[in-house]
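Heads up: the protein sequence lines correspond to chains A and B, in order. If you want this note's numbering, it's the 1-based position in the first sequence plus 1489. If you want this note's numbering, it's the 1-based position in the second sequence plus 128.
Rather than coming from a laboratory, the hints here were simulated on the basis of the structure. Please read all numbers here as calculations on a predicted model, not as lab measurements. Even glycine gets a Cβ: it sits at the ideal position worked out from N, Cα and C. Among the clues, some could well be false.
Below, in silico cross-link-like pairs of lysine to any residue (SDA-like), each with a Cα-Cα straight-line distance of 25 Å or less [unchecked claim]:
hint, chain 1, residue 1, chain 2, residue 2
1, B, K192, A, V1858
2, B, K192, A, L1860
3, A, K1511, B, K299
4, B, K192, A, N1862
5, B, K223, A, R1854
6, B, K248, B, K298
7, B, K299, A, K1840
8, A, K1863, B, E220
9, B, K298, A, G1540
10, B, K298, A, F1536
11, B, K192, A, S1874
12, A, K1863, B, K299
13, B, K192, A, S1779
14, A, K1863, B, I193
15, B, K223, B, F185
16, A, K1840, A, N1882
17, A, K1841, A, G1853
Where chain B lies over chain A, by a calculated footprint (3+ residues, C-beta under 8 Å) [unchecked claim]:
hint, region
18, 1666 to 1677
19, 1754 to 1768
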Amino acid sequence: MVIAKSNTLALQGTEAVALAMKQINPDMVAAYPITPQTEIVQGFSQFVADGDVDTHLVNVESEHSAMSACIGGAAAGGRVMTATSSQGLALMWELLYIASGLRLPIVMPNVNRALSAPINIHCDHSDSMGARDAGWIHLFSENAQEAYDNTLQAVRISEHPQVRLPAMVMLDGFIISHSLDRMESLEDSTAKEFVDVFKPEFSLLDAKTPTCIGAFDGLYGYFFEFKRQQEEAMRNAFQVVKDVGQEYGELTGRSYGVFEALGLEDAEFAIIVLGSAAGTVRHEVECMRSRGIPIGMIKLRLFRPFPAKELVEAVSHLKAVAVFDRSDTFAGGMGGPVFTDLRSAFYESEKKPLMVNYIYGLGGRDLPVELINKAATELQQVAQSGQVKEKINYLGLKE
Amino acid sequence: MAVDIQGLTEIRWHARGGQGAVTAAKTLAEMSLVRDMFFQAFPEYGPERMGAPIRCFNRLSTNKISTYCGITNPQIVVVVDPTVMETVDVTEGVKDDGILIINTHHDPATIREKTGVQGKKIYTVDATHISIDALGRFMPNIPMLGALLSVTGLLSKEDAIDFLKSSFGKKFPKKVVDSNIVALDRAYEEVKGE
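All chains, full assembly: derive it from the sequences and hints.
Structure (structure tokens):
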């Protein structure tokens, strides 16, 4: 690649994440290939083979084994990472809960891809949304730049003593993972300093402080208390995500919060969206605002823990809100996961906007500007009339 | 000849699997970094087979690009393999002021007559023979990239050659780099419009 400025790069989303992993230089990576994640670990494997990192790379026979190996490595006191997508994440299922239950700060980029059936390799968020209650932190990225930035920050968030929870970094399959995009990287030394050295509170390899990790804890143990403390750790994560995002901003000029808002001060209605679609939505929102239409938007970055309080504060003054979900809950009319969470967050509020849900992009279905405009125009009618005609809408269906 | 690259330019490439169109689209994106531009390069992922028609895309702009949807109305279409035109409508979604750059030994007027394309501006270049002469085989991607650079004025021939030397120089043997430079050079000069 040719570089205009020294740290301006042309990278695919997968390459951006692999670069972040190289700079993190984890003690151990255990992974199994799956489209569209494969190129992350493939790229990282090259760094291992070239001696650019000190990482012990474990080629396992499945994602179940990948997460198992990561749990072992993290319990031994190592900084460990893996990456996956779709069916791979699904195969990790029971281990996801063990990683979070043991409070192991594993960082895992997840390249969002639909879950079968029908078989589909393209982007939607049903894989990670299915793991929304697994006790992992979920950070969503709009593009290669954010996937890179989020991966570096996830290490700090996840390992924070008040958090100590595993974290997933989401990027949209193919749309971001396989698209060449312009981004800025940190110097290796700056990234290294930022992620710092992992200091585990407990380590199985610390012979002077013997510990027992993963023991049976039955009816008369403290299982319930562990779970309650996991929830407390999630609550602590809000501030840590903000602090780390601010520190990262001081370092790079790119600050991060729990979400990014546009034009809400003078808006009457707004769209809430996560992932790459947020970029296309921003384009349309800016076009509409330039024509004097009072629309705003929120790009949600942090989905778990769910920033309910901040979201309510940010949009309660609006007349109407449309939530864009790239997955469904199949709950029989409840809408997508972001929609149900946001509605729940508003339950106690006296002042609340009308809310509609747009489910879009399942299995990689494109979300062109025209469809965003269609939804925004319908939302404007909801705001003006005060009436919701259709609560749950499907955007871009062929049927 | 130069097109307006100050705003957003969207490009669609038509080729067959194995002809290097994705590499050409990525190379174009990387080349635009020389001019401090913003870019995207992405393929259309489907059941990809060697020899089957494929499409890939570029967005180029002097400003930050935030649209991550597909491209349906490209300003420029590059046809790397003219035989795809027998089964694929390469003009789909292209507005009247759009540009078609086609790999063929025919001149633009003949192509317009043969295809019945209305409006748009047609450019042609014999990338097939250029690649066979320069590389000894049918690999029309880099000559088509050369033609695109020439038509758009995105990069001077000298800058493009310098880029190939530094970028391809890291990945390929000198002989391959040199023959691709010859191919790009010739296509840059030989592409002709109406």
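- prompt: Between K1840 of chain A and N1882 of chain A, is the straight-line Cα distance small enough, at 25 Å or below?
  reply: Judged against 25 Å, a Cα distance of about 24 Å means the pair holds.
- prompt: Given the hint that K1841 of chain A pairs with G1853 of chain A, does the C-alpha gap stay at or below 25 Å?
  reply: Roughly 32 Å separates the two Cα atoms, so the pair is violated.
query: Given the hint that K298 of chain B pairs with F1536 of chain A, does the C-alpha gap stay at or below 25 Å?
result: holds (16 Å)
task: Assess, step by step, whether the Cα of K1863 of chain A is no farther than 25 Å from the Cα of I193 of chain B, and give holds or violated.
output: Holds: K1863 of chain A and I193 of chain B sit about 22 Å apart, inside 25 Å.
message: So if I understand the rule, the pair passes when the alpha-carbon distance is 25 Å or less; does K299 of chain B with K1840 of chain A pass?
response: Given that 25 Å is the threshold and the Cα spacing comes to 60 Å, the pair is violated.
Satisfaction of hint between G1540 of chain A and K298 of chain B, Cα-Cα up to 25 Å: Distance of about 19 Å is within 25 Å: holds.
- request: For the pair supplied as a hint, K192 of chain B and L1860 of chain A, confirm whether the alpha-carbon distance does not exceed 25 Å.
  value: Holds, because 22 Å separates the two Cα atoms, which is no more than 25 Å.
field: Given hint S1874 of chain A paired with K192 of chain B - CA-CA distance at most 25 Å
entry: violated (36 Å)
- prompt: Is the straight-line distance between the alpha-carbon of K192 of chain B and that of N1862 of chain A 25 Å or less?
  reply: With Cα atoms ~21 Å apart, K192 of chain B and N1862 of chain A stay inside 25 Å; holds.
message: Would the hint linking K1863 of chain A and K299 of chain B be met if the CA-CA limit is 25 Å?
response: violated (46 Å)
- prompt: Given the hinted pair K192 of chain B and S1779 of chain A, is their alpha-carbon gap at most 25 Å?
  reply: Measuring from Cα to Cα gives roughly 17 Å; hence the hint holds.
message: Hinted pair, alpha-carbon criterion (25 Å max): K1511 of chain A, K299 of chain B. Please report holds or violated.
response: holds (21 Å)
The structure fails hints 6, 7, 11, 12, 17 (numbered hints given earlier, in ascending order).
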